[in-house]
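Participant: The residues making up each chain are set out below.
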Amino acid sequence: MSKPPEKIYIAKTDKEKYEKLEKEGFFEDRNHKDQFLVAMGFGVKNKVHRSFKERHEFFWRKDLGIEGETLISAVGIYFAYDVDILTDMSKVYGIAEEYAHAGIDLLYNKMESQQVGTFWKQFEKDIHEIYRSLNLPK
Amino acid sequence: MIIEKIIFENYRQYKNVEIPLSSKKLNLFIGKMGVGKTNLLNAINWCLYYNEPYLSRKEEDIQLPIMNLKTIADAEKGEIKDVKVEIWVKINGEQPLIFTRKASFIIAGENNHPTPYRSPEFKVRSTDDRGNTEIYEGEDAEHYVERFVPTGIKEFFFFDGERLDKYFKESTRENIRHSIFQISQTSLLNSISENLNKIKQDFRKEAGKRSPNIDCIRTQLETIEKNQLDAKRRIDECKRQIKIANDNIQEYEEKLSGVPKVDDIKSKITELEIKLNDKELIYESKITEKRDLLYENGIILLNYPAIEKVIQIIAEKRKKGEIPPTGDLKLLQKILDDYTCSICGSKFSSGSSQEKSVKKLMDGIDLSSEIGHELMRIESPLTIYQNIAKKFNENIRKISQDIESYKKDLDEITKNIGDLKSKIIGFNDEKISNWAKQKKSFEDVRDRNNQNLGVQEENLKTLKKDYERLNEELADELKRESKLKTIKKKIDFIETTVNVAESIKNKIMEQIRKKISEETKKKFFELHWKKESFNEVCIDEDYDISITNSMGFPCLGSISGGEREILALSFTMSLHRISGFDAPILIDRPLTMVSGESIDYVCEAFLNIAKEKQLILFLTPNEYKGISQILNSKTCHMFELKMTKDEKELVVIEV
Numbered sequence: 001m002s003k004p005p006e007k008i009y010i011a012k013t014d015k016e017k018y019e020k021l022e023k024e025g026f027f028e029d030r031n032h033k034d035q036f037l038v039a040m041g042f043g044v045k046n047k048v049h050r051s052f053k054e055r056h057e058f059f060w061r062k063d064l065g066i067e068g069e070t071l072i073s074a075v076g077i078y079f080a081y082d083v084d085i086l087t088d089m090s091k092v093y094g095i096a097e098e099y100a101h102a103g104i105d106l107l108y109n110k111m112e113s114q115q116v117g118t119f120w121k122q123f124e125k126d127i128h129e130i131y132r133s134l135n136l137p138k
Numbered sequence: 001m002i003i004e005k006i007i008f009e010n011y012r013q014y015k016n017v018e019i020p021l022s023s024k025k026l027n028l029f030i031g032k033m034g035v036g037k038t039n040l041l042n043a044i045n046w047c048l049y050y051n052e053p054y055l056s057r058k059e060e061d062i063q064l065p066i067m068n069l070k071t072i073a074d075a076e077k078g079e080i081k082d083v084k085v086e087i088w089v090k091i092n093g094e095q096p097l098i099f100t101r102k103a104s105f106i107i108a109g110e111n112n113h114p115t116p117y118r119s120p121e122f123k124v125r126s127t128d129d130r131g132n133t134e135i136y137e138g139e140d141a142e143h144y145v146e147r148f149v150p151t152g153i154k155e156f157f158f159f160d161g162e163r164l165d166k167y168f169k170e171s172t173r174e175n176i177r178h179s180i181f182q183i184s185q186t187s188l189l190n191s192i193s194e195n196l197n198k199i200k201q202d203f204r205k206e207a208g209k210r211s212p213n214i215d216c217i218r219t220q221l222e223t224i225e226k227n228q229l230d231a232k233r234r235i236d237e238c239k240r241q242i243k244i245a246n247d248n249i250q251e252y253e254e255k256l257s258g259v260p261k262v263d264d265i266k267s268k269i270t271e272l273e274i275k276l277n278d279k280e281l282i283y284e285s286k287i288t289e290k291r292d293l294l295y296e297n298g299i300i301l302l303n304y305p306a307i308e309k310v311i312q313i314i315a316e317k318r319k320k321g322e323i324p325p326t327g328d329l330k331l332l333q334k335i336l337d338d339y340t341c342s343i344c345g346s347k348f349s350s351g352s353s354q355e356k357s358v359k360k361l362m363d364g365i366d367l368s369s370e371i372g373h374e375l376m377r378i379e380s381p382l383t384i385y386q387n388i389a390k391k392f393n394e395n396i397r398k399i400s401q402d403i404e405s406y407k408k409d410l411d412e413i414t415k416n417i418g419d420l421k422s423k424i425i426g427f428n429d430e431k432i433s434n435w436a437k438q439k440k441s442f443e444d445v446r447d448r449n450n451q452n453l454g455v456q457e458e459n460l461k462t463l464k465k466d467y468e469r470l471n472e473e474l475a476d477e478l479k480r481e482s483k484l485k486t487i488k489k490k491i492d493f494i495e496t497t498v499n500v501a502e503s504i505k506n507k508i509m510e511q512i513r514k515k516i517s518e519e520t521k522k523k524f525f526e527l528h529w530k531k532e533s534f535n536e537v538c539i540d541e542d543y544d545i546s547i548t549n550s551m552g553f554p555c556l557g558s559i560s561g562g563e564r565e566i567l568a569l570s571f572t573m574s575l576h577r578i579s580g581f582d583a584p585i586l587i588d589r590p591l592t593m594v595s596g597e598s599i600d601y602v603c604e605a606f607l608n609i610a611k612e613k614q615l616i617l618f619l620t621p622n623e624y625k626g627i628s629q630i631l632n633s634k635t636c637h638m639f640e641l642k643m644t645k646d647e648k649e650l651v652v653i654e655v
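Those protein sequences? They're chains H and E, same order as listed.
All residue numbers for the first sequence refer to the working numbering, where the first residue is 1 and numbers rise by one.
All residue numbers for the second sequence refer to the working numbering, where the first residue is 1 and numbers rise by one.
Keep in mind that the hints were calculated from the coordinates and are not lab data.
Note that the structure is predicted; figures quoted are calculated from it, not measured.
Careful: at least some of the hints might be erroneous.
With a straight-line cut-off of 30 Å between C-alpha atoms, the simulated DSSO-like cross-links for lysine-lysine are [to be verified]:
no. : chain 1 : residue 1 : chain 2 : residue 2
1   : E       : Lys408    : H       : Lys33
2   : H       : Lys3      : H       : Lys121
3   : E       : Lys226    : H       : Lys23
4   : H       : Lys62     : E       : Lys359
5   : E       : Lys334    : H       : Lys47
6   : E       : Lys309    : H       : Lys91
7   : H       : Lys23     : H       : Lys3
8   : E       : Lys390    : H       : Lys47
9   : H       : Lys62     : E       : Lys391
10  : H       : Lys33     : E       : Lys309
11  : E       : Lys505    : E       : Lys226
12  : E       : Lys232    : H       : Lys91
13  : H       : Lys33     : E       : Lys286
14  : E       : Lys505    : H       : Lys20
15  : H       : Lys91     : E       : Lys334
16  : H       : Lys47     : E       : Lys309
17  : H       : Lys3      : E       : Lys205
18  : E       : Lys408    : E       : Lys275
19  : E       : Lys205    : E       : Lys243
20  : H       : Lys110    : E       : Lys290
21  : H       : Lys121    : H       : Lys110
22  : E       : Lys334    : H       : Lys33
23  : E       : Lys290    : H       : Lys20
24  : E       : Lys77     : H       : Lys125
25  : E       : Lys505    : H       : Lys125
26  : H       : Lys110    : E       : Lys232
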């Protein structure tokens with residue numbers, strides 16, 4: 001089983017998008033780990049991922065904690081359709097980074113088309129819709 | 001007694017005017033505000049008492065000279081000019097008594113300001129039946145004024161409408177007691193008592209010289225007498241302060257009636273603003289809490305398909321017995337690669353039964369122990385995520401309800417603040433707040449003095465008891481000393497005389513009170529237009545005036561402005577009748593506090609009063625408009641007061 005990477009990367013071109021989302025308020029007071037996980041979530045929800053070449057170090061893997069690592073492992077297994085992917089953790093993290101790359105793009109475009117206040121409302125609405133569509137037992 | 005005419009020379013607006021007054025009819029003066037109506041009242045006061053109590057604030061503020069402005073303007077620098085007011089009074093149809101006050105001024109300074117040149121002179125001219133004229137000056141002249149309208153009771157002859165209205169509103173008991181005391185003319189009895197007491201003290205001193213015991217009691221008695229006087233003075237002072245405070249409280253209450261309680265409202269606004277601030281902070285923190293919840297739950301919900309899928313995989317593997325892992329594939333692979341058992345160290349060859357056994361064992365294991373362990377490691381956080389996702393709606397609803405509730409509170413508080421602010425908008429809050437503070441400070445003064453009054457009254461009671469005890473001791477001592485018999489007799493005599501004087505004074509006052517009470521009632525029912533509405537008007541032994549309606553209930557506080565004026569006039573007329581000073585009544589703006597249909601009735605009452613007494617009224621044209629049907633040139637002796645174009649001189653036109 002290969003060791004997981006020490007650092008989590010984003011595409012170099014995404015750095016500006018993360019900064020803009022932070023400046024505009026949506027990522028305000030959120031650390032890079034949380035920003036990454038929500039970007040990954042948007043990619044996962046929309047089932048889009050994109051590879052990238054030029055990388056930018058975003059945060060230390062240890063910052064993820066067991067909860068963050070678990071989410072990334074789950075995403076890895078989910079899209080590899082095989083638990084064996086866990087033997088290659090660099091692959092697992094690579095998948096997560098690709099989904100985050102696609103997700104941040106979606107998020108950024110969403111923000112660009114709306115005002116900050118409206119964006120929060122839209123985000124809340126989206127999350128409620130996702131919750132309803134999941135039809136979870138209470 | 002009537003005023004026959006008044007002659008003015010250079011007095012304020014009255015440059016060179018003679019006003020003849022009617023003895024039979026009501027004398028009515030009509031003039032605009034500021035034309036000089038009130039100064040006619042001032043002129044009479046100036047002539048008789050050398051003061052002008054009704055000066056307008058403007059006249060006081062800018063210190064307008066008493067001399068007519070046109071006279072000043074026309075005068076040469078250094079010229080001496082006189083201001084003179086002459087009042088011709090007729091008593092019982094005799095020859096007129098003429099009161100004249102004259103003040104001389106020198107016109108000097110840059111603005112030709114009149115400066116007093118010599119002391120004002122006051123003269124009274126009296127002519128007897130044979131035509132002999134005698135002139136009185138100084139004290140003799142003042143004595144004649146006292147026969148006309150004594151200084152002490154002049155306030156019951158010259159009024160303004162506002163004061164007439166307040167007459168039975170403020171410190172009624174004190175007003176009535178003071179009036180009756182003045183009318184009773186018992187001050188002589190008071191001074192008799194005072195002088196006798198001084199003589200008594202001298203006798204005691206004389207007795208004290210002959211006996212140390214008596215001297216000791218005498219000293220104590222004198223101390224007590226002094227303390228009693230002090231206590232009485234303090235009591236009077238407390239009462240005076242209470243009256244002043246009550247008058248001021250009343251004044252501020254009137255000012256504050258109909259205006260909002262600014263201080264209370266401001267403190268409520270501050271209280272609400274603090275509450276609003278606190279709630280806003282909580283509201284903001286709830287919004288942040290909701291955003292955090294949305295963000296953190298959002299991550300879970302966005303990634304939920306992966307979470308759910310992996311939980312499902314783990315469950316399946318657990319069902320198959322793959323979790324927890326049953327063997328270690330990695331270890332078995334190493335044994336095959338090395339042809340050596342890692343546990344016992346024995347070697348085996350390719351194709352041996354041992355190799356076959358290891359391969360068979362490997363075929364039975366699907367999941368490596370590493371993956372199994374990893375899946376077990378993430379199982380617990382995934383289950384937590386699942387539970388969080390399930391409770392998302394409940395948690396977000398709860399926090400949204402909290403936010404909604406705080407928002408509602410904030411809106412309500414903001415609205416309340418707005419409502420309160422709108423109550424004080426347009427008002428001079430600083431002024432109102434100052435009035436409220438002034439009122440409070442006068443209430444404090446009143447309460448402090450009420451407390452002090454109680455203490456002083458108790459003190460006086462104790463002093464009286466001590467005085468009586470010591471007086472008895474003194475009498476005993478005097479009895480013992482046979483040589484002091486004469487002094488004792490003298491002291492006893494003085495004490496009896498003082499008691500008699502006090503008793504006479506009280507009896508006179510009591511009699512006068514009763515007479516005034518009866519006369520006031522009689523006059524009130526004569527003058528009032530709805531006699532059947534009332535059944536009693538009475539001044540009781542405590543000098544409280546009460547008026548009872550036809551149902552038998554006291555109603556002084558609820559009678560109208562017109563009725564209050566009739567009551568005050570009835571009281572005044574009874575004072576005149578009982579006092580024997582049948583002087584005229586002058587009222588400036590008598591209808592100021594009368595409204596509605598009462599105006600007509602009050603005017604009718606004026607005509608009735610004028611049948612038996614000279615009545616002089618001052619009205620503005622506006623006040624006169626509504627009553628010209630009742631008061632006109634047929635029923636009254638009317639005068640119109642007008643200013644000349646240069647506004648410096650008044651013209652009096654008989655209508």
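Participant: All hints, please: hold or fail.
Facilitator: Structure-based check of each hint:
1. E:Lys408 / H:Lys33: Not satisfied, since the Cα-Cα distance of roughly 36 Å exceeds 30 Å.
2. H:Lys3 / H:Lys121: violated, 40 Å
3. E:Lys226 / H:Lys23: It is violated: about 89 Å lies between the C-alpha atoms, which goes past 30 Å.
4. H:Lys62 / E:Lys359: Not satisfied, since the Cα-Cα distance of roughly 39 Å exceeds 30 Å.
5. E:Lys334 / H:Lys47: violated, 39 Å
6. E:Lys309 / H:Lys91: Holds, because 19 Å separates the two Cα atoms, which is no more than 30 Å.
7. H:Lys23 / H:Lys3: violated, 35 Å
8. E:Lys390 / H:Lys47: Measuring from Cα to Cα gives roughly 22 Å; hence the hint holds.
9. H:Lys62 / E:Lys391: Given that 30 Å is the threshold and the Cα spacing comes to 28 Å, the pair holds.
10. H:Lys33 / E:Lys309: holds, 23 Å
11. E:Lys505 / E:Lys226: With a Cα-Cα distance of about 23 Å, the restraint between Lys505 (chain E) and Lys226 (chain E) holds, given a limit of 30 Å.
12. E:Lys232 / H:Lys91: violated, 108 Å
13. H:Lys33 / E:Lys286: holds, 24 Å
14. E:Lys505 / H:Lys20: This hinted pair is violated, its Cα atoms lying about 101 Å apart.
15. H:Lys91 / E:Lys334: Measuring from Cα to Cα gives roughly 25 Å; hence the hint holds.
16. H:Lys47 / E:Lys309: Status holds; Cα separation ~14 Å.
17. H:Lys3 / E:Lys205: violated, 125 Å
18. E:Lys408 / E:Lys275: holds, 13 Å
19. E:Lys205 / E:Lys243: violated, 40 Å
20. H:Lys110 / E:Lys290: holds, 21 Å
21. H:Lys121 / H:Lys110: Holds - the C-alpha atoms of Lys110 (chain H) and Lys121 (chain H) are around 12 Å apart, at most 30 Å.
22. E:Lys334 / H:Lys33: Outside the cut-off at roughly 39 Å; violated.
23. E:Lys290 / H:Lys20: holds, 22 Å
24. E:Lys77 / H:Lys125: violated, 96 Å
25. E:Lys505 / H:Lys125: violated, 97 Å
26. H:Lys110 / E:Lys232: Not satisfied, since the Cα-Cα distance of roughly 92 Å exceeds 30 Å.
Of the numbered hints given earlier, the model fails hints 1, 2, 3, 4, 5, 7, 12, 14, 17, 19, 22, 24, 25, 26; all others are met.
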